[in-house]
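Peer 1: Using the sequences and the hints, build the whole thing.
Each protein sequence line maps, in turn, to chains A and Y.
Last residue of the first sequence? That's 313 in my numbering, and every number before it is there in order.
Last residue of the second sequence? That's 833 in my numbering, and every number before it is there in order.
Everything labelled a hint here was simulated from the structure, so no lab data went into it.
Don't take each hint at face value.
Computed list of lysine to aspartate or glutamate pairs in EDC-like fashion (alpha-carbon distance at most 16 angstroms, straight line) [to be verified]: (1) Y:582 - A:146; (2) A:176 - A:146; (3) A:199 - Y:226; (4) Y:92 - Y:617.
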Amino acid sequence: MPFQVFSEESKQQTDYTSKKDEIFARIKQAASEVQTLAGEFIQEKHLEILKNAPVSKGRFFYKNPDCLRWEVYEPTSMGFIVNGDKGKRWRGKSGSLQSFDLKKEPIIQIISGQVFAWARADFKRLESGYDITVLEETPVILKLVPLSVTEKKYLDYIKLIFSSTENYVSTIEIHETGGDYTQINFVDMTINKPIQEDIF
Amino acid sequence: MFGFDIFRHLYNFFLKRRLILYTVTAGIIVLSIVSLKDIQLSEDIKSMLPDNQRDFTVDFELLQHTPFMHKIIINLKDKSKGDIKDLTEVADRLADAMKPPFFTRVVTGPAINQDMDLYNWLIKTLPDLATDKDLEDIKSDLTTEHIRNQLTDNYNSLFSPEGWFIKNFIKTDPLDLKSIGLKKLAFLNIIPNVRLQDNHFIDADGKNVLLIAETDVDITDAGSAEKMLDQLNVLAGDILPQNIEISVLSAHSYTVANAGRIKKDLFVVLSLATLFILILYIIFLRSWKAFLIYFISISSFSLALVSVSLLYKTVSAITIGFGSVLLGLSDDLSIQVYFALRTVKARDKHADPSGIMAEVSRPVLFAGLTTLVAFFVLIFSDLPGQRQLAVFSTIGVLSSLAMALILLPHLMQISFREKYTPDIRLKKRAVAHPLMIIGIWIIFLTICAWQGRNIRFNGDLNALNFIPKELHDVELEIKKTWGDFRSHAMLFSEGDNIESALETNDNLFRRLSQNAKDKGIISLAPILPSLKTQQSNRKGWNDFWSDRKDWARQLLEKEGKGLGFSGNAFDPFFLNLSESPPPVLAEDISVLGMKEILDSMIIRSDNKVSVLTLVPDTSEMKGLIARDKDRLPSVRFVSQTHFSEMIRKAIGHDFIRFIIGAFFLTVFLLVLLFRDTKKVLLSLIPVVTGMIFMFGVMSWLKISFNIFNIISTILIIGLGVDYGIFMVCKCSENYEHDTETAVLLGGLSTITGIGALIFAKHPALHSIGITVLLGIGAAIPSAMFVIPAFYPRKNNRASQGTGINGSQGNES
Chain A
114 MPFQVFSEES
124 KQQTDYTSKK
134 DEIFARIKQA
144 ASEVQTLAGE
154 FIQEKHLEIL
164 KNAPVSKGRF
174 FYKNPDCLRW
184 EVYEPTSMGF
194 IVNGDKGKRW
204 RGKSGSLQSF
214 DLKKEPIIQI
224 ISGQVFAWAR
234 ADFKRLESGY
244 DITVLEETPV
254 ILKLVPLSVT
264 EKKYLDYIKL
274 IFSSTENYVS
284 TIEIHETGGD
294 YTQINFVDMT
304 INKPIQEDIF
Chain Y
22 MFGFDIFRHL
32 YNFFLKRRLI
42 LYTVTAGIIV
52 LSIVSLKDIQ
62 LSEDIKSMLP
72 DNQRDFTVDF
82 ELLQHTPFMH
92 KIIINLKDKS
102 KGDIKDLTEV
112 ADRLADAMKP
122 PFFTRVVTGP
132 AINQDMDLYN
142 WLIKTLPDLA
152 TDKDLEDIKS
162 DLTTEHIRNQ
172 LTDNYNSLFS
182 PEGWFIKNFI
192 KTDPLDLKSI
202 GLKKLAFLNI
212 IPNVRLQDNH
222 FIDADGKNVL
232 LIAETDVDIT
242 DAGSAEKMLD
252 QLNVLAGDIL
262 PQNIEISVLS
272 AHSYTVANAG
282 RIKKDLFVVL
292 SLATLFILIL
302 YIIFLRSWKA
312 FLIYFISISS
322 FSLALVSVSL
332 LYKTVSAITI
342 GFGSVLLGLS
352 DDLSIQVYFA
362 LRTVKARDKH
372 ADPSGIMAEV
382 SRPVLFAGLT
392 TLVAFFVLIF
402 SDLPGQRQLA
412 VFSTIGVLSS
422 LAMALILLPH
432 LMQISFREKY
442 TPDIRLKKRA
452 VAHPLMIIGI
462 WIIFLTICAW
472 QGRNIRFNGD
482 LNALNFIPKE
492 LHDVELEIKK
502 TWGDFRSHAM
512 LFSEGDNIES
522 ALETNDNLFR
532 RLSQNAKDKG
542 IISLAPILPS
552 LKTQQSNRKG
562 WNDFWSDRKD
572 WARQLLEKEG
582 KGLGFSGNAF
592 DPFFLNLSES
602 PPPVLAEDIS
612 VLGMKEILDS
622 MIIRSDNKVS
632 VLTLVPDTSE
642 MKGLIARDKD
652 RLPSVRFVSQ
662 THFSEMIRKA
672 IGHDFIRFII
682 GAFFLTVFLL
692 VLLFRDTKKV
702 LLSLIPVVTG
712 MIFMFGVMSW
722 LKISFNIFNI
732 ISTILIIGLG
742 VDYGIFMVCK
752 CSENYEHDTE
762 TAVLLGGLST
772 ITGIGALIFA
782 KHPALHSIGI
792 TVLLGIGAAI
802 PSAMFVIPAF
812 YPRKNNRASQ
822 GTGINGSQGN
832 ES
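Peer 2: Dropping the structure here:
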C-alpha cells in the first residue's frame, strides 16, 4: 500500500533525523583521526549528450588540512593540485604545469572546498550550503540538496556513501537537474600513510 | 614743489563740512557692510577656466562624465585571513545602512543572477554582434581537423572538475563561439582587476570588496560633503569588525580635505599676519590712529565686494580670497598719507594739513593709479574669475584712494588729547657707495635673470589641490588593488539620438581597432553596436551559415559519433543558428548586470546623446585622434592631460599678455605722470627687481608658475611701482615726508601679512605666499637703497646719519 510505504519511510526518516547529530558526531570523530588519504577513483558519467556512460580513472591524494591532488589518467590525462592558497593544473600527458591562485579558480575552489569539508567532516560549513538528510545509517548515506537558488538550477542533489569505517567517503553521486549524473567510486584507499611531499 | 591743489581745496572744502563727510562715508560703508550678507558666493572652479573658448567649457563639462568622478568608491579590506563570504556580508550590511539623505544608492556588484545567463546570452546574440572579421575567424576554424580537435577537447573536458559546467556549452556551442562574445565583453571591463563572486566586486586576491555609492551631495559643497563622510565613518565604526579596514575615495574627500586645509591655513596665517602687523604698527606708529589704516582697508573691501555683487550674479569665492589679499595691500596709500600728516604734525603743530595733502597727493595718486591699471588689465582675461577680480580691485583701489586722500586727512585731525608717543622712523642718510650698490644690484639681477629663464608653467589645476598623505595613500592603494580606472582619456561619439551616436561609436571603434590594436580600449561598440551595424552583422551571419550549416552538422555528427557523442547532442546549437535573435538593445545590457557601465557610457542631454569610449591618456592616442579628426567629425577627445595642456597654454598666453600689459600700462602711466625718462625708469626698479628675483628663485627651487602666481605677479607690479614712485618723488623732489619709513612699513606689512601664506600647506595659498614673499622681499630693499643710489648728491645734501631711530631723529 503506497500510503503505508510512505508512512514507513517518513517514520524511518524521522528516526534518522533525530539521530543526525549523533551520526555527524561519529563521522566527525572518525574524520578527526584522518591525516592523509590516498587511493584510486573510478568516475562514471551518465550524460544525455553521450551515447554510453564513459568511465574515467584517476588518483586521489589528500593531506590534512589543505593539500589535495586530483588526477585523471584514463581516458585522458589531466588534474590539479591544491596546496593552501596556491595550485597547479595540467591537461594532457605532456601538458605543462600551470600555477594558479586558488581564489582565481572558482570551480576548483568549490571542488577542493567540498573535499576538505568532507575530509574534516566540517558539517557547520556544509549545512550552510546544503540541506543534509541521512538516508541510511549503515553504511552512512547522506543526501545533500543545495540551498542556493543558483546551484539548484544545475544541481538536483548529491549522494554520499561513507566507508564502513566512516572516516572517508567511498562513493559520491552528483545528480544534475536535467537527469544527468556522475558517480565516483573511491577504491584502494589508504589512510594515514605517509605521502611524498612532491605529490602536492 | 609740485603739488595737486585740488586736494588742498578738497581738504579745505570739507574742513567746515566734516560732519557731512563723516556721515556720508559712514552711511556708504555701513550700507555696504549690511549688504554683504546677501551676496551669492560661488565656489565653482569654472570661474578660473577660460570662457571665451567653447572648447574649454565643453571639455570641462565632458570631463565631469569621467566614470566614477561623482561616485564614492569604498574599499573594504580584510586584514586577516578571513573568508571572503564574511567580507561580502559586511559589505552588504554597510551598503544597507547607507541611506538617504547622504547616500542615494550603493552598488556592491552587478545586478546579474549568474554567469550562465550571460554566456547563453552571448551565444544567442552572436548573429547581431559578430563582425566580418569574426566570421573570417570562424571560417578558418571550420575544418575537419579543427572540429575534431575541438570536440576531443570538449569530450576530455567532461572528465575535468569543470565538466558539469562545460557540458551545457558543448550542447549549445560545440565550436566554442562564445569565446568571440567573451572577447567583446572584455571591452567593458572598466575596473581592470575586478572579478565577480556572489555578485560582489572582489579583487584578484580575494581580500578586498568594492562598493560604489551615489550621492546627491554636490562635490563643491564642502559642508555637506564633510557631514556625508562623517556619516560614512560612523556607519563603518558601527558595522565593520576590527579586521576590516575601510578606504574611501571620492571627489568629496578632496573637497573636504581642501576646505579643511584652507580653514586651518587661514587660521594660522591670519593669526600670524595679524600679530605681526600689530607688532609692526606698535613699533612704527604707536598711536590709535594707526587703526584708521585698517579701517580704510576694510571699508574698501566691503565697497568693492558689494559693487561686484551688483554687477555679477554670483561672486567667486576665489575673487574674494584674492581680493582681500589685494586690498590688504592698498593700505600703502593710506600709510603714505598717514606718515606725511603725522610727520608734519610732529614737527610743527601749526603746519597746514591742506598743504601737506597737496604735496602727498601726487605720489599717492600716481601709486594708486598705477596699481589700478596693473589690475585693470585683468579685465581682458579669458578667465571670468580674473575679470571679476579686475572689477573688484579697480573699485577697491579707487575707494581706498578716495578715502586716503579725502577722508583720512580729516580723521587724522581728530584729537583725543592723546599723549605724544615717540615712534620709529628711518633717519635720512647719505648713500655712502652708490656705485657699489648699483653694481651689486646689476650682478644680482643678472644672476637671477639667468636662473629665471628656465621657469616653467604648470596648468594642472589638480596640482593646486591639497591632497593629504592619507588621501594620497588611499588613491595608491585603490589603484594598486583595482587598477587604474579613474584616469582614462575619453572619446565622446555624439549624435542626435542613441542610434546615430552608436553609429559614430561603431566607426570610432573600427578606427581604434585598426590603429591602436584594441589596447586599453573600453567601448560599448563590440557589445552594443548600432541597429544598423547589427542588421549588417545579422545578414553577414545568415549568409555565412546558410552556406555552411548542413556541412557543419554533418561534420559535427561524424566527428562526435567517433568520440561517443549522441546523435542529437548538438541540436541546441543548430536550433540557435536557425533562429533570428532580436536586436541587442541597451536595456538588455542593463538586465545582464551592466547597468552601471551603461549609465556611465551613454550620456543623454536635452537634444543630444553621447556614447563614451575610454582610451589610455597618452600622447599617441591624442595624435591618433587628431589625425582622424576629419573622418570622425562627431567624435570629441577629452582628457585630463589634454585639458591641463589647454589650461597651461592659456595660462602661458595670459601670463605674457597680462604681465607685459600691466608692465607697459604702468610705464605709460609713469611717462604721463613724470614726463621724465630717468624718473620713469627708476620708479620701475622695485618692480623689475622683485619680478626677476622671484623668477630666479622659483626656477632655482624648481617651483613651477601657476595660475595663482600670475595674479600675484601683477600684485608685485602694482605694489613695486608704488614703492618706486614714493622713493623717486622723495629723492628727486624736495619732498620732506617720511617716505622710507612708510615704504618699509607698507612693505613689511605686506610681507608679514601676505607672505605669511608661505606657511600654508595648501598649494594655492602657498603659491601666493612664495610670489609675494620673493617679489616684495626684493622690491623693498631695491626701492630703499638702489633708487637713492641714483640720487647721491641730493641724498648727501639732505641729511646724514644711519639706522632706525626714535622720532627724535634728525628731522626733529
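Peer 1: Would you mind marking each hint as holding or not holding in the structure?
Peer 2: Hint by hint, here is what the structure shows:
no. : hint          : result
1   : Y:582 - A:146 : 48 angstroms, violated
2   : A:176 - A:146 : 12 angstroms, holds
3   : A:199 - Y:226 : 11 angstroms, holds
4   : Y:92 - Y:617  : 11 angstroms, holds
Checked against the numbered hints above, the structure breaks only hint 1 and satisfies the rest.
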